[in-house]
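Keeping their order, the protein sequence lines are chains R and B.
Here this note's numbering is used: the first residue of the first sequence is 1, the next is one more, and so on.
Here this note's numbering is used: the first residue of the second sequence is 163, the next is one more, and so on.
Hints in this document: simulated from the structure, not taken from any laboratory.
Any given hint could turn out to be false.
As the list claims (entries may be wrong) - With a cut-off of at most 30 Å between alpha-carbon atoms, the simulated DSSO-like pairs for lysine-lysine come out as follows:
no., chain 1, residue 1, chain 2, residue 2
1, B, K465, B, K953
2, R, K3, B, K281
3, B, K267, B, K256
4, B, K441, B, K407
5, B, K165, B, K953
6, B, K465, B, K475
7, B, K174, R, K3
8, B, K728, B, K174
9, R, K7, B, K281
Said to hold, decoys possible - Simulated coverage check for chain B against chain R, where a stretch passes if three residues somewhere in it have a Cβ under 8 Å from a Cβ of chain R:
no., region
10, 406 to 417
11, 670 to 680
12, 702 to 711
13, 882 to 894
Here the structure is a predicted model, which means the values were calculated and not measured.
Glycine residues also receive a C-beta, built at the ideal position from the N, C-alpha and C atoms.
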Amino acid sequence: MTKISMKVNGEAVSGEVEGRTLLVQFLRDHLGLTGTHVGCDTGQCGACVVHVDGESVKACNMLAAAADGAEVMTIEGMAAPDGTLSVIQAAFQEHHGLQCGFCTPGMVMSAADLLNRNANPSEAEVRAYLEGNICRCTGYHNIVKAILAAAATLRGEAVAAE
Amino acid sequence: MPKDSGIGASIKRREDVRFLTGAGNYTDDINVAGQTYAYFLRSTVAHGKIVSVDTAAASKMPGVLRIFTGADFEAVGGLPCGWQITSRNGEVMKEPRHPILASGKVRHVGDPIAAVVAKSLAEARDAAEAIGVEIEELPAVVDMRAAISGAAPAVHDEAPDNLCYDWGFVEENREAVDAAIKSAHHVTTLELTNNRLVANPMEPRVAIGDFNRASGDSTLYTTSQNPHVIRLLMGAFVLGIPEHKLRVIAPDVGGGFGTKIFHYAEEAFCTFAAKALNKPVKWTADRSEAFITDAHGRDHVTKIELALDKDGKFLAIRTATLANMGAYLSTFAPSVPTWLHGTLMAGTYTTPLIYCNVKAVFTNTVPVDAYRGAGRPEATFQLERVIDKAAREMGIDPVEIRRRNFIPADAFPYQTPVAVAYDTGDYHATMDKLVEIADFAGFEARRAESAKRGKLRGLGLSSYIEACGIAPSNLVGQLGARAGLYESATVRVNAAGGIVVMTGSHSHGQGHETTFPQVIAEMFGCPEANVEIVHGDTGRGPMGMGTYGSRSIAVGGAAMVRAAEKIIAKAKRIASHLMEAAVEDVEFANGVFSVAGTDKKVDFGSVALAAYVPHNYPLESIEPGLEETAFYDPSNFTYPAGAYAAEVEVDPETGAVTLLAFSAADDFGNVINPMIVTGQVHGGIAQGIGQALLESAVYDANGQLLTGSYMDYAMPRADDLPMYAVDHSCQTPCTHNPLGVKGCGEAGAIGSPPALVNAVLDALNAGGIGVEHIDMPLSPSRVWAAIQSAK
Ligand code: FES
Ligand code: FES
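With the rest of the complex left out, here is chain B (with noise of 0.2 Å):
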């Protein structure tokens, strides 16, 4: 009987009812009261020295406050940076300034080079049409080789090569490992690229700045999945605003996927530009807009060899990346190849050695960032296509060559080779789980009957596993963090019971208003409806560090727990007042406070109450009022995997993929609400199959963005998808956060483009085809042309 209360129950979502209605409240939908426009003049190519801005013209016209250029930010920070790495050589990374708004070169097509601030948006733009701009264009760069070739230009003076930094790990089994490759029974090798993606939330970015003359504070409402983290930057690293005169407010967020994470030139700008005109200020983005400002995602070139002995036992990983940071560093940028991305080289397997060199590459495009899985994607989708090639290779069973290397069940905690220790898991589970719900008996049939219809049929699977929860500080701290990765929660109990949770966690689409009261309906023994959930606003709750790497329920919900024990704790004393017993005898149990072995009782209601209005209260030794705050830093990652398995059928003649089956079987150790997370690992999985089959944001030789639009940057439709099979009955607590979740944001994006290109490359192979990789995206032209040069 599935439970319709608390934890483990798939309760419907109470945020639903006012996205239904049209009764959201995103961004764009507030207008402050006198607001005016701001719209940006960007620029159309990729590199070039600002020779001149002439806004005389354009400031006379219709409508114009004031236009703004890179003049006006010289005395304000750069956009900062949140991580550092530490290259090979010991030199930290090169950190060129970012400004607000270019001033001297244009680096990308989309840099700022002037914004226009107006009574009307119309207004705006037509004036920016008028600025007179002339800048001196400069070859551009945007292939990574090259760049580093020592014959590119150079995008940063800081950074003459082109080399943000040159990163090894772990360093000390640089030798080990290349010694186990030279003696190695076999090796496979594979060169390929993690195509670059846009993360194209369905909202685009919205800023609003607003100021207070008379109180001096700065409100900026913004689209962001971390609106304290926002406060942070921006006040203390762009503007020099202090916190307390400066409120972030992130209402209704229309999806993120980590785009929404990091501070924008934008945010700063509008803020800035409300004191300065004495007027709130909105901008917001077109989608044009957002795909040249939008920070990408992926974009890396890999080079991977795996070493095996006789039995195909993975001896050593051996990986060189070149990783793509566009123009500037974006917020989380370094940590992305190296951090999100080195640590999970080990995957599910026991592989004793291992060895990553990232090199990471400035070139002449929009900066490149986290987007869903970040690192994990790319560590998962090189790792497991080298491993199917080695399988074919020696010829082994894709499925056999995995299980043969899985960390087994009873070896955890499993200290890897790259830095992180897992907790828990359970590989074969998940396989098997995999095995069941993708029909992998019956599919020498099925491949039997499309070949009858002249297609080939392809199986393909994939074993991941992430680490979410992000979090330790301590730890994070010594990766180059330059924040604490904790996060908070406060549980206020009203005088007649109801409670509110101000949480740091943040909601873009996760409906955290629905499952966060579940925890606290089961801690409390209340329905869910007494729990009211406040997020997305740094006026209104303790600073967070917001919505990431799949670390909402871990590590805020368990914020969210350790605040409500305190509660707990609190209310027995004042109980134990009440019942006039020992607190040591008292028991709490679905809403009721009781002494064993008595029939006292009394119910949590009456101690609220009792909190609030203490006429019969122990003031001398129990403060009123229930409301408790908590913060905490997990002491570890956790550790999210799974198997996932597609099944395709390719036209040879045509080179056209069809996807007729997607199976995932994940363990997410607890699950608090199954309805929500089988959504999230479908929304995940669609964008995996996105990036797969359909996706890629290409740039020509002079930094053209030529995927700048929902013509021309496939996103997947719904007739592009098959229904999915989803299983998450496989469950391996997290042995280290109070309510055992590990978190499943971001599973679906990471563990489906290798079982898909997998897929179509079995499909090939087992048709006689003899093909070893194809790049991703997989487009009827790529399959085809690879279809051809085979034969």
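Looking at chain R on its own, in the form it has when it is part of the complex (with noise of 0.2 Å):
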């Protein structure tokens, strides 16, 4: 066993974890937080991306142990304190981006991590990005004019609602 400090959510938290246990395991079944889902076990889906020192990172990917002393963000972190959606929640909510929900917290990770790239991304920039999330549920069309709708309005650009 071995113990793990980090910030999550920019809260200190800590813990004792075996050397297999994944970040995914310790956010979910250490610190109850239970937003960031498990879609598979080859690294593919993308339903486990949280941010790991401003990155994203696919939280099944990772050892507990070698996210010691990092800042790390989940979805429960990304909402305002009171509850207020951030602008890329709003824009999946407004523009209809989920069915299911059980791929939608890698989504928006997935999307903030983006924009914090490229505020500018095209459709097929978008769409290139989105490579390692998978949705069955709403066929990405939904999803890809959220986040391109999210990247208009962080930008200051009026968008038209729909």
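Got two chains here, separate frames each, mind docking them using the hints?
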């Protein structure tokens, strides 16, 4: 067992984990942050995406011990403390970018990472960036629309409602 | 001006807030105090005799509570099958036992041999590795034609020829169909495969069994589309637990697409083990485990013949299909290639004579059952493919040949020769809409532009119909269903006017918590925010049949309307007392009861309060309270229909297909929330495109699943798909349910595969490459090989 500590969504946390414990297991099972999901066992689906030190990471592909000392952001940390949705979250609701919601946390975290890197992505760039996030429900149309709309809002442009 | 409330409004979904903030409550998010963990040791061979299972060493490993084997489940029932099909010779189908844990033999890779329950998942897994299993491997059979050849090993002793049933429909038409085909001006024949798929909802299956020794109650938390049905099947047929001692809870469900309808062994195992150990038992599937245990979909091999007269009018259809059942019969499996398939072979056309033969075959593969569309995509695919081929052979435009054969709009209700009677439809209207939104007029110019770049452009279409709103119990009973297929709802108006609807339907992404309140808001003249939906818990609502077959709003919504109508009728009587008026004179609109021709009025909230605080109340004639339940069993299926088009570009050098545009014109009857309906169509189209271009569950000859992870099974990603043009403005409301709705969940997956394949073949043939058919998925290598062999 190893003792680890990190900041998750701004709060200092610590725990005892086995060497084989994955970051996603630490978040879900030790911290009870069940918003981060597990959709596969081969690192393909992206349901588990979180940010570690500001970059998106598949939490099923990182050992908890490797995140010792890091700053981790999960879906639970994306809305404002009063519950107001972030621009990206609000755009997903506005554009019906989710159905069952299982892929959604990973999609939102990936979208945030994309828009951090590229404030004005094209539709093709959004689609290419989402290569590592699988959604089985939406056919992606509305996810892509939501991310493009969120990007425009974050750039301060008016977005036509739908 | 779009509505912002009630039926027809594109209200934003209320469930989104929890899903977007990580506050969803999926089954794996639930942890019961003191829970233990189950891990299944599964067969790595497709067929074999279990010689011995030695658990002695493993049982002593740290954390292990108990190891179960097949012997522990010999006294309980096998997993039941919900449909019984009768063969042409009058014999009922072969229905071999499907044990909770394999006993005697394993019959597919993934068949569970033993299950370890331990204090942690890691300990359970470690112990499973220490179990000594000796299996005498037997030859496996994977290919359906080989399975029924007479030379194959038998998957079950009860079915030595691997035949589950041999079904003919409509048997009385067989000779007339044969004669019509023999004497027809033209017959087009096509042999095709409907590729095997894995549904792959993003949430893997989970089951948690819990037992309360004090009360004797069992609770199962499970990832299910229909918890009430699981309670019925598992309680009555497998474990023998009476319904009042068993509660099944399916909280937020992360997608299902059919594969979470069925009752699975792990559900029964966790419930059984929780009682045996007096401890909660949790099991969560890995994705790799899901691939070899979730029921697969499709997997048909069909020969279809279409007879036409000289003008291209359809005279008769004859089909012969082999349908893979896998190693055991899953809950709905026998109904999929028969009653959900043969009955749809008329499509949107007036073909007078139809005969289908279906042989259902056991193989050493994962069970096959309903997947989005279930039988109807298979029917549509073969029909729309053979029509396209006939059009090409006879030199008729593909739109024109369909129009010549459409059931005309004035012919409804229309009795087909395959048992079902369509209530409403207008297939020319959806075709007109498709031709408009897909810009057929501009296609030749776009094709010429592609040609300049050395690419072959193609446009393909399909016209589909489906039978949805799956119900009428008396009809499905005659067809072999062993359960009723009604739906239920309780509407509870609380004293202060807040409304709770308990529905037997369940949502696995369809947004019922948003759309169902829209209907109540419309009926009661209240804001949607006053209405709460309760579902997915057998302990909190009346027995219902769940969500599949695009039935939730058409059957579950209708039950809710019926219950709400009872509420309004009772509330009118209470209001008549309060206003001292005759009940016949009481009117109800916009949440207010009034008396015609007077200024007397009383609002809905005051009536609700009076019902629960009956101080001034006609207690001698009306009971207090305001709560009503309805069970709704419709008189017919609903028949959504539409026309779809795909536009593709094929690279003749590599065989790569690029999907440029996809258009869908659907008739769903009335629509409650257009935004959600559009989203359902998007998702269905994406799965249909996946089937046509990317996905395939592939077994090797030994029964090993070669496509057992997302590294090998090609799930559609965002960059595989275009934006879609979707329209549902053509609406012929259903005439036999109170909302006039038809259902929209499966349409996209039904109409899209043939449109895609037809588009690729159009590109090739118009480019001078004569290819008649390519089986799905249309991978570059398959398309390239077809191009080469045509040269
Ligand atoms: S769970 Fe991490 S990529 Fe699928
Ligand atoms: S919304 Fe269900 S998987 Fe994306």
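- For which of the previously enumerated hints does the structure constitute a violation, in increasing order of number? Hints 5, 7 and 12 are the ones this structure does not satisfy, whereas the remaining hints hold.
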